[in-house]
Amino acid sequence: MPESLALSPRLAPGLTALWQSENSQSLTQGRGYAHPAAVPPGAVLFVGLATSYNQTQNVNGDPAAPLVFDVTDNPGAFYRREMDFLAAVSPRLPYGHLDVLYQRESDPKVLQAALYDDGPGAAFGTAQLQLTHDLLTHLTHLPPDQRPRALVVANRLAQELLGYFHNDATPTARPWLGLTFTEQPGLPDEEPFYRCEAWGMVPVLFTVPFSGLSERYNTPDKKAKKHARLAATLKRLL
Numbered sequence: 096m097p098e099s100l101a102l103s104p105r106l107a108p109g110l111t112a113l114w115q116s117e118n119s120q121s122l123t124q125g126r127g128y129a130h131p132a133a134v135p136p137g138a139v140l141f142v143g144l145a146t147s148y149n150q151t152q153n154v155n156g157d158p159a160a161p162l163v164f165d166v167t168d169n170p171g172a173f174y175r176r177e178m179d180f181l182a183a184v185s186p187r188l189p190y191g192h193l194d195v196l197y198q199r200e201s202d203p204k205v206l207q208a209a210l211y212d213d214g215p216g217a218a219f220g221t222a223q224l225q226l227t228h229d230l231l232t233h234l235t236h237l238p239p240d241q242r243p244r245a246l247v248v249a250n251r252l253a254q255e256l257l258g259y260f261h262n263d264a265t266p267t268a269r270p271w272l273g274l275t276f277t278e279q280p281g282l283p284d285e286e287p288f289y290r291c292e293a294w295g296m297v298p299v300l301f302t303v304p305f306s307g308l309s310e311r312y313n314t315p316d317k318k319a320k321k322h323a324r325l326a327a328t329l330k331r332l333l
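The opening residue of the sequence shown carries number 96 in the numbering used here; numbering runs sequentially from there.
There could be a bad hint or two in this list.
Claimed, not checked - Computed Cβ-Cβ distance ranges for the label pairs, DEER-style: (1) G307 / H233: 41 to 49 Å; (2) Q120 / K330: 19 to 27 Å; (3) Q120 / A327: 41 to 49 Å; (4) D316 / P287: 52 to 60 Å; (5) Q207 / P104: 25 to 33 Å.
Unchecked claim - Each computed DSSO-like pair below joins lysine-lysine, with the alpha-carbon atoms no more than 27 Å apart: (6) K330 / K204; (7) K330 / K318; (8) K318 / K204; (9) K330 / K320; (10) K317 / K204; (11) K317 / K330.
Just so you know, the hints here were simulated from the structure itself, not pulled from any lab data. In this text, a Cβ means the ideal position worked out from N, Cα and C, and glycines have one as well.
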């Protein structure tokens, strides 16, 4: 079995330079960047927005120190929901998680306001997204036994930042990464899945968060049905 891919060698140089940039100082809130320690080979990789800020997790009590954390050996409740969902689909599938942004922020509205301020916040977010794009491109082009089995993007703003909602007919909308996702043939009782040319043959699925409720899926029943359709797709694909 191949070893898990450590993320620090790929992320730390770019993130350190970005966090040390003079233009970024007012945007980090004095908090260092954060990312998972590794991605297991052959994982179903869940993609979220950003790591929540919890001061008890600061490295040596220093909020400005980078935080590299393990999501599998000591998972919080957020990751546990994703892990339990995947275990119900197939207990043999390894789990992974990656956020599209590396800021430590619990309130997505704070991130959204900074991203859309038409100033340094947008540039700071775009620089983080480019690192994520480069990392996902690398991961999805690893040998078949090492690359992710599927990408599951479970946050609406993360989906927007990847380009899922971008429409060339609406030029005023910010494209962000501007990736193109092509829907693939599926079954009526399943969630659709997509291919992204930049990510090769790894299937991409978009769903609602596993914690809380969304604006559209605003009852537990609606959310459960959405995730049941997602589970059906994954069971067929994987």
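To see whether the hints hold, each was checked on the structure:
no.: 1; hint: G307 / H233: 41 to 49 Å; result: 31 Å, violated
no.: 2; hint: Q120 / K330: 19 to 27 Å; result: 47 Å, violated
no.: 3; hint: Q120 / A327: 41 to 49 Å; result: 47 Å, holds
no.: 4; hint: D316 / P287: 52 to 60 Å; result: 21 Å, violated
no.: 5; hint: Q207 / P104: 25 to 33 Å; result: 30 Å, holds
no.: 6; hint: K330 / K204; result: 34 Å, violated
no.: 7; hint: K330 / K318; result: 18 Å, holds
no.: 8; hint: K318 / K204; result: 22 Å, holds
no.: 9; hint: K330 / K320; result: 15 Å, holds
no.: 10; hint: K317 / K204; result: 24 Å, holds
no.: 11; hint: K317 / K330; result: 20 Å, holds
The earlier numbered hints that this structure contradicts are 1, 2, 4 and 6.
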